[in-house]
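Q: Sequence:
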Amino acid sequence: MIRGIVFDLDGTLLDHDGAELAALSKLYPTLLDGDSGPRRWLPFRDFAAVWHDAAERGWQRYVAGELSFAAQRTWRVQQVMALQDEAGDGRQPLTKQEVDDIFARYLTLYEESWSLYPDTLPCLEALSAYPLGMITNGDGAQQRQKLEQMGIAERFDSVVVSGDVGFAKPQREIFDRGAEELGLAPNELLFIGDNPENDVLGAMQAGWHAIWLNRDGTRQEVAALTVADLTDVPRLVVDGFPSER
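In terms of my numbering, the sequence shown opens at residue 1 and continues consecutively.
Hints are not guaranteed to be accurate.
[Said to hold, decoys possible] With a Cα cut of at most 16 Å, we get these calculated EDC-like pairs of lysine to aspartate or glutamate:
id : residue 1 : residue 2
1  : Lys26     : Glu154
2  : Lys26     : Glu112
3  : Lys26     : Asp101
These are computed hints drawn from the structure, not numbers from a lab.
Turn these sequences into a full structure, and let the hints steer you where they fit.
A: Okay, here's the thing in structure tokens:
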């Protein structure tokens with residue numbers, strides 16, 4: 001029997017990609033003009049794609065212990081600026097202070113752009129009779145800031161953040177911590193997340209039930225129940241999770 005439900009945050013409850021894109025669309029014009037005149041720059045679509053890819057790769061290097069949390073932010077900007085240098089506009093490479101300033105501007109815009117998916121609050125409300133938890137990869141302060149700013153922090157009985165505990169999804173230890181904090185056995189817990197490897201496979205290997213939230217319709221074989229949004233999740237839980245029948 002499912003006795004507790006645990007969620008991922010970014011891409012599951014909060015629209016991280018939308019916030020990132022909104023922030024970059026505001027940051028991009030400010031990078032086109034410098035003290036010496038307009039910069040030759042990548043088209044915005046390419047710029048945003050490179051930034052997103054660098055953010056993903058930088059995070060993986062952080063998880064692997066190759067970069068500190070602060071350093072992966074700097075590294076992200078440097079990867080984008082490396083392509084700017086290849087455009088050959090003759091500018092001097094950015095100083096570390098300039099790189100830090102760019103990321104600080106991005107971070108402010110990113111935080112201002114946070115929003116929940118439309119199905120988040122109805123789902124949380126419908127499941128409010130269950131103990132609810134969260135397991136999320138990220139910086140502890142930033143992830144908790146998201147919950148507070150979005151007004152959903154009080155809905156969770158447990159919040160486990162990789163940056164606080166020293167291990168990250170899909171490692172079993174972080175799922176074990178989540179189960180321990182809720183006081184439930186792994187087979188009594190359902191995890192819902194958008195990442196097939198980190199969320200779904202990680203949870204299942206830790207003995208949990210799992211649902212893959214495939215918001216963008218990615219074509220991938222995943223050995224778990226798949227939903228396109230959170231709308232049907234409360235019904236699935238209340239009616240009896242398929243693997244329990």
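Q: For every hint, state whether the structure bears it out.
A: Each hint tested on the structure:
1. Lys26 - Glu154: Given pair Lys26, Glu154 is violated - Cα atoms ~32 Å apart, limit 16 Å.
2. Lys26 - Glu112: holds (11 Å)
3. Lys26 - Asp101: Roughly 15 Å between the alpha carbons, so the hint for Lys26 and Asp101 holds.
Checked against the numbered hints above, the structure breaks only hint 1 and satisfies the rest.
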